[in-house]
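Given the coordinates of chain W, work out where chains D and E should sit on it, guided by the hints.
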Amino acid sequence: MKRRWYGAAAAVLALAFGGGLTAQTQEETQRGIEAYRQALQQGNPAELFEAQGEELWKKPMGPRNGTLEQCDLGVGPGKVAGAYARLPRYFADTDKVQDLESRLLTCMERYWGIDVQPVIDAAYTAPAKREIIALTTYVSGESKDVVVDVRPTHPKERAAFELGKRMFFFQGGSHDFSCATCHSEDGKRIRLQDLPNITERKGSALGWGSWPAYRVSAGQMWTMQWRIQDCFRQMRFPEPIYTSEATIALSVYMAATASGETMRTPGIKR
Amino acid sequence: MKTVDNTRRRVVQTGGALAAFAAAGLLPTDALAAWNQAAFEGKNIPDTLKALNLDNPTPSGDLQIVASDIAENGAVVPIQIVSRIPNTTRIALMVEKNPNMLAAVFDVPEGMLPDVATRIRMQQTSNIVAVAVAGGKVHTVTREIKVTLGGCGG
Amino acid sequence: MTSPMRIRANVRDGVVDVRVLMAHEMETGQRVENGRPVPAWFINEVVATHNGKTVMTAQWGPAVSKNPYLQFRFRGGAAGEKIAIKWTDNRGESRTDEATIA
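Protein chains in written order, with this note's numbering: chain W, 1 to 270; chain D, 1 to 154; chain E, 1 to 102.
Source of the hints: derived by calculation from the structure; they are not laboratory data.
Be careful, since some hints might not be right.
[Unchecked claim] Residues from chain D shown here face chain E by an in silico Cβ test under 10 angstroms; the list is partial:
no.: 1; residue: P78
no.: 2; residue: L93
no.: 3; residue: M101
no.: 4; residue: V108
no.: 5; residue: I120
no.: 6; residue: G136
[Unchecked claim] Restricting the straight-line Cα-Cα distance to at most 25 angstroms, the calculated cross-link-like pairs of lysine to any residue (SDA-like) are:
no.: 7; chain 1: E; residue 1: K82; chain 2: E; residue 2: R31
no.: 8; chain 1: D; residue 1: K43; chain 2: D; residue 2: L54
no.: 9; chain 1: W; residue 1: K269; chain 2: D; residue 2: Q80
no.: 10; chain 1: W; residue 1: K269; chain 2: D; residue 2: D69
no.: 11; chain 1: D; residue 1: K146; chain 2: W; residue 2: R191
no.: 12; chain 1: D; residue 1: K146; chain 2: W; residue 2: Q193
no.: 13; chain 1: E; residue 1: K86; chain 2: D; residue 2: A38
no.: 14; chain 1: D; residue 1: K146; chain 2: E; residue 2: R31
no.: 15; chain 1: D; residue 1: K137; chain 2: E; residue 2: T54
no.: 16; chain 1: E; residue 1: K53; chain 2: E; residue 2: A102
no.: 17; chain 1: D; residue 1: K97; chain 2: W; residue 2: G219
From the three backbone atoms N, C-alpha and C, an ideal C-beta is built for every residue, glycine too.
Extracted from the complex, chain W is given alone in its bound form (with noise of 0.2 angstroms):
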């Protein structure tokens, strides 16, 4: 399966950049991928995982059958507009700093009366991560449009924007990557995806604001710690633990930058 998908890439590659194109040619590729994205929005399944979220998110479930109906995101008990744009911030119940996933975890073990141990340990396509990811597109949902208002201005808030801004340059594994490598510059592509410059407000506001996204390719609902997680694993880096303290401080650097623009959530991508 793998050696066809390679063989269709270069195909692509072929076409879009193969010998002696004119940039008429190219330009005729980027008007088309351009079309085709746009038509995409006409319909995103997101919708999908988000009339599940907001199902569960009012379902009495788990040993307490408690609902979440009472989390507290940030924004007040219970209140879910604009809860995504202002995430991730610190909280003092936790006395930690939290992305909307930790925070969903956090509520799931107070409200639902569950143990969260199995779904930070699951795999993505697992169901065990099914109730968070609709959740976690549901929240979302409701942030779409409202203006990304991250500010680190707890000590806690600081440092893990300090911590995430490291680990965004930092170098390693095998390739000797970085996500800088891929994300610090504008106009840099992988095939005919753009990269965004997640170093500056707007470019980081494509990424960031973008997430979570349904993912055409398999159909699969990525969140932005899955995200993360993938491009932990396509820089041959060790695999993020899900919701730790590392992948919070990248997501408080990326929101913190893109803070001032609009979030576009959930997302729609190839």
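Relative to the frame of chain W, chains D and E by itself:
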């Protein structure tokens, strides 16, 4: 599932696919009436058209495939078919280079506009063939869509 | 278990524009997982009804993408009226959802 697959192949050859599927309980009875097994099993355009009972399609400028010229991922290719031919009653959508040509057939009852959109898988760059039936005549239009990544793999 | 569809129906100048998203795996039957073929499992029929009248019928094969999207238009609907969509898959499972025309 292997057994089922083998059974399926055998009965397709002998032409009794639907009966065998029904016997095996694989198809609901109400779907039996509508779903055209033979057409969806078609491995080339003429066979598929024949199974759909659509003979001698003639190219028409009043039938249009609306889509981007290039699809970033073959797993999801948005396609819209619009017919401006009066009394269009049926629209079929085929992909020449898919393992089975036929992707979808739409019946257009009175009141419905002959204008439908869906998203399909394309294994590779291929011609898309749309066919419309209007007043007993069969019309067709073809358009190539380039696929940068195939959409039928795992 | 099936999940609800997302249906949007908007009327303009007497024409109702219907957009539907359906939650379904749409297994092609061509995929191999852990060395074993995954059997085909897909929606093969979609029927839309309005005031007891069929306004669209579709037959689908497994080439329709996972979590299918469908858009169609019909005349004769008015705001406040209901439109129902029913899908049936090749395992005989089906689901019906309704939406109010806006």
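Checked hints:
1. P78: 8 angstroms, holds
2. L93: This hint holds: L93/D lies near chain E, its Cβ roughly 9 angstroms from the closest one there, short of 10 angstroms.
3. M101: It holds, given that the least Cβ distance between M101/D and chain E is near 9 angstroms, below 10 angstroms.
4. V108: 8 angstroms, holds
5. I120: 5 angstroms, holds
6. G136: 19 angstroms, violated
7. K82/E to R31/E: 38 angstroms, violated
8. K43/D to L54/D: 16 angstroms, holds
9. K269/W to Q80/D: Status holds; Cα separation ~20 angstroms.
10. K269/W to D69/D: 18 angstroms, holds
11. K146/D to R191/W: 15 angstroms, holds
12. K146/D to Q193/W: 16 angstroms, holds
13. K86/E to A38/D: 23 angstroms, holds
14. K146/D to R31/E: Holds. K146/D to R31/E sits at ~22 angstroms (cutoff 25 angstroms).
15. K137/D to T54/E: 23 angstroms, holds
16. K53/E to A102/E: 19 angstroms, holds
17. K97/D to G219/W: 22 angstroms, holds
Hints 6 and 7 from the list above are not met by this structure, while the remaining hints are.
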